[in-house]
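**Student:** Following the hints, complete the assembly by docking chain B onto the known chain A.
2 protein chains.
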Amino acid sequence: MAKNLTSRGEDYARWYNEVVQQAELADYAPVRGCMVIRPYGYALWENLRAELDRRFKETGHVNAYFPLLIPSSFLEKEAEHVEGFSPELAVVTIGGGKVLEEPLVVRPTSETIIGHMYAKWIQSYRDLPVLINQWSNVVRWELRPRLFLRTTEFLWQEGHTAHATRQEAEAEVLRMLDVYADFAEKEAAIPVVRGRKSESEKFAGAVASFTIEAIMGDGRALQSATSHDLGQNFARAFEIKYQTREGGLEYCWTASWGLSTRFIGAIVMVHGDDAGLILPPRLAPWQAVIVPIWHSDQERALTLGAAAQARAALDMFRVKIDDRDELTPGFKFNDWELRGVPLRIEIGPRDVAGRQVVLARRDKPGREGKAAVPLDRLTAAVAEILDAIQAALYERALAFQRAHTAQPAAYGDLCAAVAEGFALAWWCGSADCEAKLKADTTATVRCIPLDQPEGRSTCAVCGAPAEKKAIFARAY
Amino acid sequence: MAKNLTSRGEDYARWYNEVVQQAELADYAPVRGCMVIRPYGYALWENLRAELDRRFKETGHVNAYFPLLIPSSFLEKEAEHVEGFSPELAVVTIGGGKVLEEPLVVRPTSETIIGHMYAKWIQSYRDLPVLINQWSNVVRWELRPRLFLRTTEFLWQEGHTAHATRQEAEAEVLRMLDVYADFAEKEAAIPVVRGRKSESEKFAGAVASFTIEAIMGDGRALQSATSHDLGQNFARAFEIKYQTREGGLEYCWTASWGLSTRFIGAIVMVHGDDAGLILPPRLAPWQAVIVPIWHSDQERALTLGAAAQARAALDMFRVKIDDRDELTPGFKFNDWELRGVPLRIEIGPRDVAGRQVVLARRDKPGREGKAAVPLDRLTAAVAEILDAIQAALYERALAFQRAHTAQPAAYGDLCAAVAEGFALAWWCGSADCEAKLKADTTATVRCIPLDQPEGRSTCAVCGAPAEKKAIFARAY
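Which chain is which? The protein sequence lines are A and B, in order.
According to the working numbering, the first sequence is numbered sequentially starting from -1.
According to the working numbering, the second sequence is numbered sequentially starting from -1.
Extracted from the complex, chain A is given alone in its bound form (with noise of 0.2 Å):
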């Protein structure tokens, strides 16, 4: 229930925090930096879940599981690897009541075990492409936790892919990111920028690092998924090798890619509002919260009644009754708001003599989301709003993409840009104009996008020749 919900204008960090509490998404645990997702959260990482997980399938790519446990021998193969994530390990010392002889690392990512296992497995070209995916949890050290955002331990799938050649794992990684692009923005209803990460913001051990950015509700960034060109480090790291078919021996060429429970962090500010949650229909664990509402025991069976015909006509999507006794209606609907159900079924006595049932649109509160809808097509009706919701949500998340979207040019407004939103600007590409923003505003390179305007012009920083624009932003 809605208990004294902090408005976003208030306090932002503190809205985001108690919805995801109030709204049972997830809790803290015991441990710090750690979380538990609870039922509720997990229904959505579910069907999250469901959605990837076909479009991984469709493209050709299969799940397997390799362990938890590395050693950490592993890691120091790839310096940069091991220097990007030293300092986030929880290391594993003691195993059977012994002191390890080498110490185990809990997975922070599985590029080097999976290496090692890919260089035993490949041996010729007619083992390539390897196309191999994980679901997983993953443990990299948070001194700084947030629910979803940044916890110690999260969620993720992982995919690992080894091919014969550079254009070849090129390929797979931006079609990844393609997979990741219409997944957030057909399925989540957020839209994102594909963009490729500066070098100080790819990934340890990468080429190159690719990422889909979303801007939040308060106009910072974030990086929803990444799909990374690890060239051929990891193929020499750990001697992934294949015979051509010429008979000659070449390294293989790497990709991986990944999305983590952090992408429900991502729906939550990116279509919530100060009543709470609004789920997108496509992945909210309840569609439809029936509501019966009674003032009396007949009125009880009778609307009761009404909602399980409702139900049964609604079974193709995910509904469900609140028949909870003891709670007034209007408790309920708060309820069902601050956990952001799309749609409300409201059945009262006087719309089961009218056969007919009230639609309340989560998306548009008050009057103008509000529909009387004879009981005979309700079906057609429910599938049509979803829909209706599912392109608003997406559409209103676009107009405040644009509308917190600047294009500075010079260095002071790029400044003021970043504490409102997004700012694409010329950049000249060289670290010291990254790292003299950041010092001053916090914001980074979020990405280069792949799509680029015609032309070239000068860096907002320093004034020196452009090439490109970047997405400059703060960043969660």
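One should not assume that every hint holds.
Heads up, the list lumps identical chains together, so a pair's fine if it works in one copy or across two of them.
Claimed, not checked - No farther apart than 30 Å at their CA atoms in a straight line, the calculated lysine-lysine pairs in the DSS-like style are these:
1) LYS330 - LYS55
2) LYS55 - LYS434
3) LYS200 - LYS466
4) LYS75 - LYS330
5) LYS466 - LYS96
6) LYS55 - LYS184
7) LYS318 - LYS362
8) LYS434 - LYS368
9) LYS239 - LYS330
10) LYS239 - LYS184
11) LYS118 - LYS330
12) LYS75 - LYS96
13) LYS200 - LYS96
14) LYS362 - LYS434
15) LYS75 - LYS318
16) LYS239 - LYS200
17) LYS318 - LYS118
18) LYS118 - LYS239
19) LYS239 - LYS318
20) LYS434 - LYS200
Worth flagging that the hints you see were computed from the coordinates, not collected in a lab.
**Tutor:** Coordinates of chain B only, in the frame set by chain A:
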């Protein structure tokens, strides 16, 4: 491919390891005791998981996710629990580059951390029952690893429920045992004996443990899933209390139940033969494989075209076309036999001309399992044959179980019986008799079956009065 597969008679343990690795279900990982679940094995796990998950949800359970890392002090709150699990723990002592003040245990099971959260979430009788399941990885240090059967890390599900009364908790424990038995028999075609564990074999911290026990191809038992009545043990340790309807404060009654990747080992050992795996159609990653047979490019095009048509007619099944060049049909037949695909569909040029295909059952090698089927009957024929294979595998396994369940009355016969399979014998219930048999034969009490004969008799070990029969067997 079948690379000199050891026969079961020659060396059962070796046959098992070869089948698992050659069929590419799993591979050894570079960390002692750990395994990699390869895509084919993982696809089997995905099918198994989907069927179990459906059953859990139908019985009112929801999924959630609790942390991997548990404060070591949590385990110590339940005396038997910590005693039972201490020797198997992997312990994180370093996090984020620093030695931790309190070491964290990598979960061996989650009663403790979930108990901690339930104490926070449960306030009133209105919050009960809590019916949560978790799909996750767990770690129990293993010195004598065997792929799937005993691995340091494994995947599983663990259900954790909290109830207002003892009766409700006990009902839950037996309901979930029935869910497991139904799953094992209907989906995996594995007959099981439902029963209670002896005191020495029960879960550390439980009041009573229940199990489904299956007999493997070598006569040994495999505990295939367990369901534990935890009484108020964990509720007391973690202060899981609720306010009753009358206003009092009571401890909850809790239960837990689990099934792991170990079950895949049971599928291998119950159904496999000297040619490799035999997978039950309802869980098989590929229910049928189409092998086109060609001797020329023209025949190749012809048979591949027919194969595509056949697969289109079978789109409600999981069907693969083996279009690999450079491999002979004979090689492919052996390969898919090793991998246990229930049904092979052969299409040669003469079959194309005759508008037919040849179906070959994996469970009936040779002429008996082969039949030519007209293309226009293919869909119905495959549906019937897959059902027939599923039923035949169960019947064969049940016949094996019956043939290998002796009912010895004297100790000498009991000792002889456990060398061959299950011994269903009267037992006085004393731990001494259990220990004696174990010392003499390595066999243990697998369970005290829920289905008991009428009457009473004398213990097959000591001759004292006995009220119940037990299943004694050597076990994995």
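**Student:** Find the hints from earlier in the document that the structure breaks and name them by number, from lowest to highest.
**Tutor:** 2, 4, 5, 8, 10, 14, 15
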